[in-house]
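Undergrad: These protein sequences, in sequence, are chains A and B.
According to the numbering used here, numbering within the first sequence proceeds without interruption in unit steps and concludes at 873.
According to the numbering used here, numbering within the second sequence proceeds without interruption in unit steps and concludes at 873.
Source of the hints: derived by calculation from the structure; they are not laboratory data.
Errors might be hidden in some of the hints.
Intra- or inter-copy, both count: the list cannot distinguish identical chains.
[Claimed, not checked] Below, computed lysine-lysine pairings styled on DSS-like, alpha-carbon distance capped at 27 Å:
#	residue 1	residue 2
1	K815	K590
2	K579	K590
3	K429	K492
4	K388	K410
5	K435	K463
6	K714	K389
7	K410	K751
8	K823	K410
9	K590	K410
10	K463	K808
11	K815	K435
12	K866	K762
13	K410	K389
14	K515	K866
15	K435	K389
16	K806	K429
17	K540	K714
18	K866	K549
19	K429	K388
20	K429	K389
21	K809	K508
22	K524	K809
23	K410	K579
There are 2 protein chains.
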Amino acid sequence: MDMTVSQAREFLMNYQKKLAAYEHAMGSIYYDGSTAAPKGTAENRAQSLSVLSEEMYKIATDEKSIETLEFLDENRAELNERERRMVYLLLKDIREMKKIPLNEFVEYQQLLVMADDVWHKAKEESNFELFRPYLEKIFATNKKFAGYVEPDKDPYDYCLSKFEEGLNKKTLDEFFGKVRNGIVPLLEKISSVSQVDDSIRRGFFPEKEQEELSYYLMKLIGLDLDHVGLATTEHPFTTSLGSHFDERITTHYHEDDFVSSMYSVIHEGGHALYDTGSADENAYTVLDGGMYMSIHESQSRFYENIIGRSRQFCEYVFPFLQKLFPEQMNGRTAEELYKAVNKTEPSLIRTEADEVTYSLHVMIRYELEKRVMAGEIEVKDLPAEWNRMYKEYLGVDVPDDRHGVLQDSHWSGGMVGYFPSYALGNAYGAQFLSKMKKTVDVEKCVRDGNFKPINDWNRENIWVHGGLYTPQETLDRVLGEKFNADYYIEYLNNKIKDVYGL
Amino acid sequence: MDMTVSQAREFLMNYQKKLAAYEHAMGSIYYDGSTAAPKGTAENRAQSLSVLSEEMYKIATDEKSIETLEFLDENRAELNERERRMVYLLLKDIREMKKIPLNEFVEYQQLLVMADDVWHKAKEESNFELFRPYLEKIFATNKKFAGYVEPDKDPYDYCLSKFEEGLNKKTLDEFFGKVRNGIVPLLEKISSVSQVDDSIRRGFFPEKEQEELSYYLMKLIGLDLDHVGLATTEHPFTTSLGSHFDERITTHYHEDDFVSSMYSVIHEGGHALYDTGSADENAYTVLDGGMYMSIHESQSRFYENIIGRSRQFCEYVFPFLQKLFPEQMNGRTAEELYKAVNKTEPSLIRTEADEVTYSLHVMIRYELEKRVMAGEIEVKDLPAEWNRMYKEYLGVDVPDDRHGVLQDSHWSGGMVGYFPSYALGNAYGAQFLSKMKKTVDVEKCVRDGNFKPINDWNRENIWVHGGLYTPQETLDRVLGEKFNADYYIEYLNNKIKDVYGL
Chain A
372 MDMTVSQARE FLMNYQKKLA AYEHAMGSIY YDGSTAAPKG TAENRAQSLS
422 VLSEEMYKIA TDEKSIETLE FLDENRAELN ERERRMVYLL LKDIREMKKI
472 PLNEFVEYQQ LLVMADDVWH KAKEESNFEL FRPYLEKIFA TNKKFAGYVE
522 PDKDPYDYCL SKFEEGLNKK TLDEFFGKVR NGIVPLLEKI SSVSQVDDSI
572 RRGFFPEKEQ EELSYYLMKL IGLDLDHVGL ATTEHPFTTS LGSHFDERIT
622 THYHEDDFVS SMYSVIHEGG HALYDTGSAD ENAYTVLDGG MYMSIHESQS
672 RFYENIIGRS RQFCEYVFPF LQKLFPEQMN GRTAEELYKA VNKTEPSLIR
722 TEADEVTYSL HVMIRYELEK RVMAGEIEVK DLPAEWNRMY KEYLGVDVPD
772 DRHGVLQDSH WSGGMVGYFP SYALGNAYGA QFLSKMKKTV DVEKCVRDGN
822 FKPINDWNRE NIWVHGGLYT PQETLDRVLG EKFNADYYIE YLNNKIKDVY
872 GL
Chain B
372 MDMTVSQARE FLMNYQKKLA AYEHAMGSIY YDGSTAAPKG TAENRAQSLS
422 VLSEEMYKIA TDEKSIETLE FLDENRAELN ERERRMVYLL LKDIREMKKI
472 PLNEFVEYQQ LLVMADDVWH KAKEESNFEL FRPYLEKIFA TNKKFAGYVE
522 PDKDPYDYCL SKFEEGLNKK TLDEFFGKVR NGIVPLLEKI SSVSQVDDSI
572 RRGFFPEKEQ EELSYYLMKL IGLDLDHVGL ATTEHPFTTS LGSHFDERIT
622 THYHEDDFVS SMYSVIHEGG HALYDTGSAD ENAYTVLDGG MYMSIHESQS
672 RFYENIIGRS RQFCEYVFPF LQKLFPEQMN GRTAEELYKA VNKTEPSLIR
722 TEADEVTYSL HVMIRYELEK RVMAGEIEVK DLPAEWNRMY KEYLGVDVPD
772 DRHGVLQDSH WSGGMVGYFP SYALGNAYGA QFLSKMKKTV DVEKCVRDGN
822 FKPINDWNRE NIWVHGGLYT PQETLDRVLG EKFNADYYIE YLNNKIKDVY
872 GL
């Protein structure tokens, strides 16, 4: 290496700055496609995205760059903690990539493009058979790639750890066991009492006033509107463009139900708080913003559910709703809002599920993936097994595969092992809350509309670090005790007790 | 060259495809910045844009690429007309670039970044002295670069031809002479009769209804909304993203005056018709879309003024306006709209000028640039000369430099020689109209709201060719006679006669 460590360190920062610019470019084209682009322009974007991703791949895997990263890795004793982590994360991806034969990788990418197309059609027609051959290949390829990269590891554990460094079946079996044993009896209890009235959310709520509500909520939870934008899309999402200095959240307005967008905004707002809370020195590096899905969901669902669906929050927000929708809120109370947004009822669709049943939807997907990857069931068995488990755990009859096994896009996108993060996030959030309460009077803060102490706690403990620590390290550092799903189950029990008077 | 001509031709297409993707990326980031981005994110975009433009520059000027382009140039006999034009245009830029010492070029770019900043401040404070040293350097550098690139040419002719292949002072002196002699007497005539009443445009016109009007107009003039998007920005503009398959126009709504956005939409819509009318085979090449400002303006101002401010158009659109704004249009007539949108009155600001006085604003800028570049006056003389000419030709007193010499951003952006295209576009449009009328009953088409025959004519004669021909070639091919500003002057005379009953 004709380079000093100091020169290599400088290279490291420029290399990441370059990659961040390409991500910004592709992110901007993608964001435009979801928010503003005329509908006949997808192919035009695909054309540019394909050039840019190839260019980015070339820069990322350039021989000279890899050599420099490896040189830094050999001299990691001279690097600081953040640089060591950057080099580790950058090399991890490159090394994994190199273990998979290039032609198989390219073939898999092409398969996914096709699979996405076929899945859309299959879902529309509720025709699993159409999608089955693609899904079989996707599972088979995931298994094969796992063997290439980590031959000594269980293939599903490899898939899980791709999305969540260090995650495995053992942890999840225990976790979902607690979830199942905690939530299923709760649902039985609820079915024995009268259901709450959620008519407050129905009516006519013009988009313009709902948009006003969005900005009110964004400001309330502490987002900096100079650096966080809002747009409308078919499905809400959050994304950073270039760095955490430019964050975007989106929502979808239903004019017959204001609660839907209200909680989308708080949910995506939680993601945006996490990203934008990243230390400024993380900008334009791989450490920038929230990196792991489970921690990300722990934050989004913390603000959406733990804060946003609390009685204090409903009480604080209600006067604003009365001002915004004077006719619709006439004769209504904050208590009615609180009940309505906490209505718990088993249903078919994960993305529309309430706080309590949500993790059961995720558990079913986890169990099915795990068994397919272990060869215990086959892809062709998925629809029947799906329907059986929805009946067993949620008590609902799945009418067709469109409302069942075909509802999510994750498998067609090759994201086997991704679902569990959603449920883990819920549980992490409850445990963070319990820790936070030791130093912050959370209920009082929310009652006063004062989010600063809550956000400061999250920022110092979680946000500021970006991708510096793995989820496991984050939990250890923040909690000072092991992850424990009991906090989550207890939290749900208290909520249900309060809402349903059980 | 270890390459066949056929391989080099393939390279040519891929090379342009790559450059188009970078332009798409930067265009998307820029568009986002103007339309959707939170206000504190400009620095973040600048960071990525600087990386991407450097990457694009590297690709564009890569040694191997230039060699291949030169190889194609040597073998141009084997290329088709379009390929020859691509190679010519690509090499022209590169060769010019190579004649300018790199350090001077970089210094100039840095000067422009500073100058833009200082100009904003100077305009705000109406303080020309602040901006003067920068403007002096900008003019001096333009002169010096002209000497590097085309030492035998008049420096201002070089500047003009940079924006408009083949344009020179001789053509423009004659053109602006006609403009001056044609328009100044017209203004005198108008000042002797009573001014028209334009109160129909004032009132309260909610943004939502104005947006409906925008889409109505876009569809009416024949834009394909699957490929043309609309957004709102501070200043209206038109841009292609990636190729002519994705076009965007923007407007700015003033709720106290619907006419402003109405004609912005038609104007930008004309630009968009031109771009999207480009032959599909032009996509992802330098030939795509409208390339020259004068022809571009000929189209935008054709739709805005010649079509959009005609009596037939006002009559066709009026019933829709009545439906959209029933109260505001109560008791009003299409004739009142026609008069209001054709009100002619000398004013201070170019971008707000009416159809008749517009070219005088441009003429003044042309005369001043020409004399500075020839050394006849100095930059320090510009404010006084500006004010003198506004008094002489438009009869208005300039109260301060903010409403005078500092109003436009072009000079601070280094765009010396750019202004004349605006006025030429007006004149080209009038001559195109006279030719079009030989085969198309334009008035009847507009009266019927049937834009197809008009658009077909423009498409076949102008749009489809993209950048294949220079403006001069385009005029020769379309008109079959020399460019003649008499058509323009005659058109303006007829309009004023009709509106003012002269």
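Undergrad: Can you give me the call for K410 and K751, within, between, both or neither, at a CA distance of at most 27 Å?
TA: The answer is neither: 35 Å in one copy and 51 Å across copies each exceed 27 Å.
Undergrad: Under a CA distance limit of 27 Å, which applies to K815 and K590: within one copy, between copies, both, or neither?
TA: within (18 Å within a copy, 55 Å between copies)
Undergrad: At most 27 Å between C-alpha atoms: does K388 with K410 qualify within a copy, between copies, both, or neither?
TA: between (32 Å within a copy, 22 Å between copies)
Undergrad: One pair to classify: K809 and K508, alpha carbons no more than 27 Å apart. Within, between, both, or neither?
TA: Answer is neither: 50 Å inside a copy and 64 Å across each miss the 27 Å cutoff.
Undergrad: Check K410 against K579 for me: Cα-Cα at most 27 Å, and say if that holds within a copy, between copies, both or neither.
TA: both (23 Å within a copy, 21 Å between copies)
Undergrad: As a check of your reading, is K463 near K808 (CA-CA no more than 27 Å) within one copy, between copies, both or neither?
TA: Answer is neither: 37 Å inside a copy and 68 Å across each miss the 27 Å cutoff.
Undergrad: Should K540 paired with K714 be assigned to within, between, both, or neither, using CA atoms and 27 Å as the limit?
TA: neither (32 Å within a copy, 76 Å between copies)
Undergrad: How do K579 and K590 come out at 27 Å by Cα distance, when the copy is not named: within, between, both, or neither?
TA: both (17 Å within a copy, 25 Å between copies)
Undergrad: Between copies, within a copy, both or neither: which fits K429 and K389 at Cα up to 27 Å?
TA: both (12 Å within a copy, 14 Å between copies)
Undergrad: With identical chains treated as interchangeable, where does the CA-CA distance between K866 and K549 reach 27 Å or less: within a copy, between copies, both, or neither?
TA: Cα proximity of K866 and K549: one copy only (17 Å, versus 82 Å across).
Undergrad: For K429 and K492, with the copy left unspecified, which applies at a CA distance of at most 27 Å: within, between, both, or neither?
TA: neither (34 Å within a copy, 42 Å between copies)
Undergrad: Give the relationship of K866 and K762 under a CA distance limit of 27 Å: within one copy only, between copies only, both, or neither.
TA: Classified as within; 24 Å inside a copy, 76 Å across copies.
When the structure is compared with the earlier hints, violations turn up for hints 3, 6, 7, 10, 11, 14, 16, 17, 21 and 22 and for no others.
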